[in-house]
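Engineer: Start from chain R and add chain A according to the hints.
Chains as they are written, first to last, in the working numbering: chain R, 14 to 819; chain A, 116 to 243.
Just to be clear, a hint being listed does not mean it is correct.
What the hints assert, rightly or not - Now the in silico label distances, taken between C-beta atoms and shown as ranges: (1) R:Ser819 / A:Leu179: 40 to 48 Å; (2) R:Lys725 / A:Asn149: 40 to 48 Å; (3) A:Lys159 / R:Asp671: 43 to 51 Å.
Since the hints were made in silico from the structure, they are not lab data. From the three backbone atoms N, C-alpha and C, an ideal C-beta is built for every residue, glycine too.
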Amino acid sequence: MEMSRRNFIKSTLAASAAVAAGISTTSNAVAQSQEVVIERWVKGVCRLCGTGCSVYVGVKGDRLVAMKGNVESMTNTRGYLCVKGMNIWKVAHHPDRLTKPLIRDGKGVLRPASWDQALTLIEKKFKQFHKKYGYDSVAYYGSGQCTTEESYTFNKLWKGGFGSNMVDGNPRLCMASAVAGYMSSLGSDEPAGAYADIEKSETIFLVGSNLSEAHPILFRRVARHKKDNPNVKIIVCEPRKTLTSAVADLWMPSLPGTDLAIFNGMAREIIKNNWHDKEYVKTLGRVTIGDGSKELAWADYVKHLEKYTPQYVEKKTGCPAADVKAAAKMFAKSKATLSMWCMGLNQRANGVWANNLIHNLHIITGNYGKPGADAFSLTGQPNACGGVRETGSLAHLLPGAKPVANKKWRTFVEGYWGVAKHSINPSKAINPKPGMHAVKLFSSLGGEKDKTKPVKAVIMSTTNPAQTLPNVNKFIGGMQDAFTVVIDIFPTRTAQCASVVLPAAFIYEKGGVFGCSERRSFLTDKAVNAPGEAKADIWIAAQIAKRMGLTKLIGWANETSIDRMNELAWNDYIGCTANTEKTLKGATYKRLKKSTVGVQWPCPDEKNPGTYKRYVRGMDPIFDNPKRYGYTIPADAKEFFYARPHGKANIFLRDDPDNSEQTSPAYPFIMTTGRVLEQWHTGSMTMRIPETAAAHPHSFVEINEKDANRLKIKNGDIVKVESVRGYNILPVKIVNNTLEGVIFVPMHDQKADRMVNFICSDIVDPKSAEPDYKVSAVKITKVSGPKKIDGRYLVSRQEMNKKTFS
Amino acid sequence: MKHIFLSATILFLVTIFAASVTAIEKSEHPVPINDKSCATCHEKGSTDEMKASSDAHTQWDTSLHKLNGVSCITCHGEESTFKPQSTISTCASCHSIEVDSMKSADTCVSCHQVHTFRPLKGFKSPHS
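Next comes chain R alone, as it looks inside the complex (with noise of 0.2 Å):
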């Protein structure tokens, strides 16, 4: 029987070399007429990055060998993948993977051990330290990369079980500016728009974004909305010329750090050529300083504004200063303007005040709330938003991302989860007080012989705080002495550290949700079997629970299936927030099974489709019964921020300090630092994909060709890239894309003297705790001419034995 495209498309797929896996050697005519049978297609979204592309991933017996992009999805339009999407599931069978617990021993080596050995000690340590040091003496440090019933599972256990609030997580890192820029500006965290405003839009203003690389399928969208409009302009502010800007009307580059002034300057400008919407501003906006208490006067924002000239912008940011005029005019002028931006502005010592006046934009120029006009953090991990801001896994919030220090919603969320029954802290309640931010919880980690380090422990999932922390010197000495555990699916630097080291499954092994950058949360269903004897962190977490007492706050900790404890997990998660502007009640376990687009909060029931622009009446279904929500708002009101009892989002007043890190005649370059295409985070999982290893094998630094000239350097010397805090040695690439005076260091090497993170500077927002990874001074000296690279770099599960970083 002759098998038509379609059939055999759907029923093979090559997959790229699919038998070679990434591990195995294929000849060439095996690779190209082995295509391999599919035995079935599973849904689920990409592992990687915060744009939540739609997948099947390709299963054959107990072994996944394919994948692609989901050709209905709303997020990877016609079913795009980028490479390393397309590629992820290689790492699933990789050799490397973590199989079995590992403890170690006096000696400091990882030796095999029975999962009751591991869970015994950890069980013991935490009881240990909990009587002697306290409940706060014992963190748990999660993820974005962990499902929604992970997050929700262990921040209940700590919040509700053991009334501590020491629990964070890696979008500290990257997300918590952005948190509080809307929490500030708009009253509620995450965007009020989504991905479907950028075929919508008429002006795109991508700021502290490298989209084509660190977010390439919504950078093809941008590019593709051009290229079949060619009147849509596309402004691109960032201290490099990357990629991104192959598409721009208009490059703005900033010496990096800067660009408050350009966003002030920006205003001005609109104001100054009465571009700005006077209605919209009366009716929606509200000018203040501060923290938003005191209301201010319009004639104040515009005197604030009046030091913000082109000429000082260019001056202080290195942007000319009719760049500034002519994109103020795009932004204004276009009838509806989106906004997104990434690391570039809240990695930043002043990440909230960048986030606060790029709302401050959008707000004087009415571009919320309607088709294509929207302000838009996006997201780096998968489930950054679902899992940890919208679950509230983060150590000043609880479920529905509102505060712990709110005594009426902590007061409900104990109610809910029965904290005054079932809690082993003798409070039994939830504790008022925030926990530890990121930065503050490492460096308040130590051993017991270490007085000054009141954390003791630490449960560590799916992450790599070893390799992700900034100035990290400082932090390796605290993870080895304290009692930590690591959650893992393969070898890292943290792991390096760890007391004890837990085999997870990968998300395919064990399903679950994730909630990408535009509130779309979208179940994963399991494909196949984890590998040996790794598990899944719901079943770690039902473990501790049990052990620490905890099995009636944790009403799934008894069940044997992973898919019935998510089920759980999710139905007690939906039910805690129903009645948030964060609600998911409508997105069932049944409905998300059953989805293959996900579902968009607010969706407060069943026949609710998801939403897909808030504030607005008639798109919004909070409009719809805002008492439920604790809302007021006014019959006759089309758009409202509702979370605020004005209704009004704030227009900031905010200045442009200099609170990063300054150059020096001993440290005279700015480094910044970012993603690569083709890697991702520490590079655990994309330094294993045999193509994404070789199109990325290394770190280098980019210099700009004056410099390099000045510094006598030619492309692929060696030089030496040193902070006042630590160095790389690297391979230069000499580049004419961006300022004089910025060199950029991307951040996924796992090899010590090319982990970037030793030098970065530790300054973290004062609000938002988010360090300042964008901005450190830096001096280079040369080492020597072109030199071989030990490229591809991996921790080893022999190097987990060793005290130092090779």
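Structural biologist: The following block gives chain A in isolation, referenced to the frame of chain R:
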């Protein structure tokens, strides 16, 4: 200028930073890559110009694939997973809607120029 700038940047990236790939004993590529970038051989006028696909890189340099980060490795793999001709299933990883709408005898390159991916003249698109 923009084009030249981007070409130079990408070429440099590939040339310098693919140069340290860990040596693989058994090459699947027709000849050992020996740390060279794809462009070293597959760009017209390059120092080690090969007869096969000598202008492949030049053509790709003007393509939407380049703009969207679909580079040599995406379709051809790297040294150990190398495929001289990308299979239609690889195309379908992203373009399954288009592949579904094709006649069974066709391949993508029946109508699209191999490395610019532009439609060849005279072909009527079967894609909706």
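Engineer: Could you check the hint for me, namely that R:Ser819 and A:Leu179 are 40 to 48 Å apart, CB to CB?
Structural biologist: 42 Å, holds
Engineer: Is 40 to 48 Å right for how far apart the beta carbons of R:Lys725 and A:Asn149 are?
Structural biologist: 29 Å, violated
Engineer: Does the Cβ pair A:Lys159, R:Asp671 satisfy 43 to 51 Å?
Structural biologist: The hinted range 43 to 51 Å holds for A:Lys159 and R:Asp671, with Cβ atoms some 49 Å apart.
Hint 2 from the earlier list is the only one contradicted by this structure; the remaining hints agree with it.
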